[in-house]
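Using the hints, position chain E against chain P.
Here's the letter readout for the chains.
Number of protein chains: 2
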Amino acid sequence: MKKYIYPQKSDWQILTQRPTQSFADIEETVKGIFKEVQQKGENALKKYTSLFDGVLINDILVSEEEIKQAIQIITPELKEAIANAKANITKFHMLQKRSKIEVETTNGVNCWMEKRPIEKVGLYIPGGTAPLFSTVLMLAIPAQIAGCKEIVLCSPPDKNGKINPAILYTAQLCGVTKILKVGGIQAIAGLTFGTDTIPKVSKIFGPGNQFVTVAKQVATQYGVAIDMPAGPSELLVFADETAIPSFVASDLLSQAEHGSDSQVILVTTSKSILKSVKEEVESQLKQLPRQNIASKAIENSKLILVKDKTEAIDFINEYAPEHFIVCSKYEEYFIENISNAGSVFIGNYTPESAGDYASGTNHTLPTNGYAKNYSGVSLDSFLKSITFQRISKDGLRNLGKTIEIMAEAEGLQAHKNAVSIRLKALENEN
Amino acid sequence: MKKYIYPQKSDWQILTQRPTQSFADIEETVKGIFKEVQQKGENALKKYTSLFDGVLINDILVSEEEIKQAIQIITPELKEAIANAKANITKFHMLQKRSKIEVETTNGVNCWMEKRPIEKVGLYIPGGTAPLFSTVLMLAIPAQIAGCKEIVLCSPPDKNGKINPAILYTAQLCGVTKILKVGGIQAIAGLTFGTDTIPKVSKIFGPGNQFVTVAKQVATQYGVAIDMPAGPSELLVFADETAIPSFVASDLLSQAEHGSDSQVILVTTSKSILKSVKEEVESQLKQLPRQNIASKAIENSKLILVKDKTEAIDFINEYAPEHFIVCSKYEEYFIENISNAGSVFIGNYTPESAGDYASGTNHTLPTNGYAKNYSGVSLDSFLKSITFQRISKDGLRNLGKTIEIMAEAEGLQAHKNAVSIRLKALENEN
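Protein sequence lines, in the order shown, are assigned to chains P and E. Read in order, the letters of the first sequence correspond to residues -7 to 422 in this note's numbering. Read in order, the letters of the second sequence correspond to residues -7 to 422 in this note's numbering.
Extracted from the complex, chain P is given alone in its bound form:
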């Protein structure tokens, strides 16, 4: 862990930097596979599944039988845990529903706004060492609450041509309408263009490695929306002397085990907390099964001593962390003044992993400083706003002149005409 004792403000730019990712090489590969999936559809999917996942798949669609098996395999204990998490995530996302808002802005001029679901969405769930069924909860639950008609899930098959049963179990539980054994670039391309088995969707959600990240960016060039640009996961903890060093260390390590490029930062006003967190991290690290991954992330992590809470919040807002834990006697100050963060965890008994799994908030959050301009995934991510207006004859009498004057001043005569022709008809009525 690298220590920074009272760094100057001029050093902040370096301290808030994330490792730059160069996508230029990958982009050509991605575009090539996109073209092939667009032209050859299903055959291209199979070719790249064989190449990247090392397995020949005849039927990409997960069958009813496979889903039934998965339901049987999952232990009652895990089923109950998933049910608890689902209940909390559902509560928090149901609360985000919003009824139509409506106002008569001028007499006779009624304007309203309603949310309607994005009809077809794609959820990407990575394969690999950690079967992220928690991400299925985080994406499928709000999609279902929003009322999306098609909720398509893609996940790469393992060497035996299977998707992890916990992913299948959670998907069927949360209303996913179609599950497909396809991952990586070829899955994102399939969701973008549609194939015989994969429906073409309007928006793609979900995490992935750098290939999936670039593929999602390329998908946007074909008119598909994505949840957000993605980067390695991040945690910033602010701790003062009221924090418990072993707890803070466990949080930093939980983030570090995600990947060797995870970003882990402690900001503190206390020299002794800095020292003891560092010692605790080193000691707890030794007991982790994913020690190799975590230790690399910890090597690049930063321990930053700042002079007071004002400097702390300024730095944190400049860094814009994905996850932000506050263990401080001034927690209200931080809650009030945090502008840029994905999700905030308050107090000694609120580990980040609560939000990762089960408290109810969404774990799909902006990384890489994007908390300055993006929200995490929420119910709104699966909805669009549509505005409506209905103007009565009297309404147009009241507002018409204003529109005519403005259209004229912008030199748009036909815009003015659309009002004038109606006002003239109304005059003749009188």
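Because the hints were derived from the structure by calculation, they are not lab data. Among these hints, one or two may not hold up.
Identical copies carry no separate label here, and so any pair may be met within one copy or between two of them.
[To be verified] Calculated cross-link-like contacts (lysine to aspartate or glutamate; reagent style DMTMM-like; alpha-carbon spacing at most 25 angstroms):
1. LYS141 to ASP45
2. LYS299 to GLU96
3. LYS32 to GLU419
4. LYS32 to GLU106
5. LYS270 to GLU56
6. LYS83 to ASP232
7. LYS39 to GLU233
8. LYS39 to GLU303
9. LYS27 to GLU323
10. LYS301 to GLU111
11. LYS321 to GLU421
12. LYS112 to GLU303
13. LYS60 to ASP188
14. LYS112 to GLU310
15. LYS385 to GLU96
16. LYS83 to GLU106
17. LYS107 to GLU303
18. LYS1 to GLU20
19. LYS278 to ASP306
20. LYS154 to GLU400
Chain E only, in chain P's frame:
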């Protein structure tokens, strides 16, 4: 105008297509200018302003004096019209404010979500023949209501080095904090990197020609967010025999005058309406000052006869128009069943130009079929959601086991540890 009488569903793909825009050539130019602005800052801005706008600008920043002059030049009549529009737009966007939502998902587990402003935003207002001060209203009003700290407006200078006074007047009226005489690619690059006079912003809003559109796309590669991908403006009218042909024609023409690539479509269930709208368009077109522009758009416009309202709404949802006017005895059916549209205008006395200027709804809307997956600009476009959670000791006792089981099942031991270490401490407390 091209007529399509009872087209087959298999023809819809062609009927819903927009003219494809090829950005490949432009992209190199844009990236070159971005690099130069990044390296040379202010000097690059001046160079390209001289090259593209044909004027040498010493001071890019609009002075207090210039703003004062603009306030004096604008007629009282236009000032009043702008004030009316501002009042309506403010009412509609204030209504979109949302207080914090909060729920105790499990006993002792409190989760909430709050919206906080994006701190620095850039508004782009095109120059050219139509001085779009209405777009200043549509972007600056919600930015100010959201509480954005810096609202930076860029607009290209004319040959005399000036910005249209209506734009300056509206900008100062709506809380824009800085106005800069710079347009095109160089303005978007300036907002992306920051220069001596242009602040670096987190999100860029506003319309523009194809160079600006590509520049906004390139800006996203440098971490800046944008309002939405842009294309030529569009209007689709559904009219049955209750519609008034001269009104419908005036609406189609108001859209057509935007540009020769504007998309104008009539969908109708009535042969006689189709015929009379066509005649009205031809007759009204002759009287327009922007006849040249409008007639090209009208040449490519489509008149589509469908068999009933069900087929109509299916086609309209497939097309996903930016603007959708409904003049029908079945208007409630269309309101209820429209899934994909930017903004909907209902009835014979609701011209699209009402929403363009003054009714209160926003006129920055998704084009090119993006109404399937994007919302128009709203108050939310200037805000981010942040989630918060505070878990008490009892809360962690209630939820801890669920988190442990799920983390274990995902193979993320350190995530589990962050809970276990706290539960153990609580056991010792007992």
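Do the hints match the structure? See the list:
1. LYS141 to ASP45: Classified as neither: same-chain Cα gap 30 angstroms, cross-chain 49 angstroms, threshold 25 angstroms.
2. LYS299 to GLU96: For LYS299 and GLU96, the Cα distance exceeds 25 angstroms both inside one copy (52 angstroms) and across copies (35 angstroms).
3. LYS32 to GLU419: neither (62 angstroms within a copy, 60 angstroms between copies)
4. LYS32 to GLU106: neither (39 angstroms within a copy, 46 angstroms between copies)
5. LYS270 to GLU56: So LYS270 and GLU56 fail the 25 angstroms test inside a copy (50 angstroms) and across (54 angstroms) alike.
6. LYS83 to ASP232: neither (33 angstroms within a copy, 44 angstroms between copies)
7. LYS39 to GLU233: neither (57 angstroms within a copy, 55 angstroms between copies)
8. LYS39 to GLU303: Answer is neither: 54 angstroms inside a copy and 39 angstroms across each miss the 25 angstroms cutoff.
9. LYS27 to GLU323: Intra 51 angstroms, inter 42 angstroms, cutoff 25 angstroms: neither.
10. LYS301 to GLU111: Cα proximity of LYS301 and GLU111: across copies only (20 angstroms, versus 46 angstroms in one copy).
11. LYS321 to GLU421: Between copies only: 21 angstroms across chains, 71 angstroms inside a chain, cut-off 25 angstroms.
12. LYS112 to GLU303: between (45 angstroms within a copy, 20 angstroms between copies)
13. LYS60 to ASP188: Answer is within: at 24 angstroms inside a copy they meet the 25 angstroms cutoff, but 63 angstroms across does not.
14. LYS112 to GLU310: Classified as between: cross-chain Cα gap 12 angstroms, same-chain 36 angstroms, threshold 25 angstroms.
15. LYS385 to GLU96: within (14 angstroms within a copy, 49 angstroms between copies)
16. LYS83 to GLU106: Cα proximity of LYS83 and GLU106: in one copy and across copies (21 angstroms, 16 angstroms).
17. LYS107 to GLU303: The answer is between: 23 angstroms across copies meets 25 angstroms, while 40 angstroms in one copy does not.
18. LYS1 to GLU20: neither (39 angstroms within a copy, 36 angstroms between copies)
19. LYS278 to ASP306: Result: close neither inside a copy nor across copies, 34 angstroms intra and 61 angstroms inter.
20. LYS154 to GLU400: between (65 angstroms within a copy, 20 angstroms between copies)
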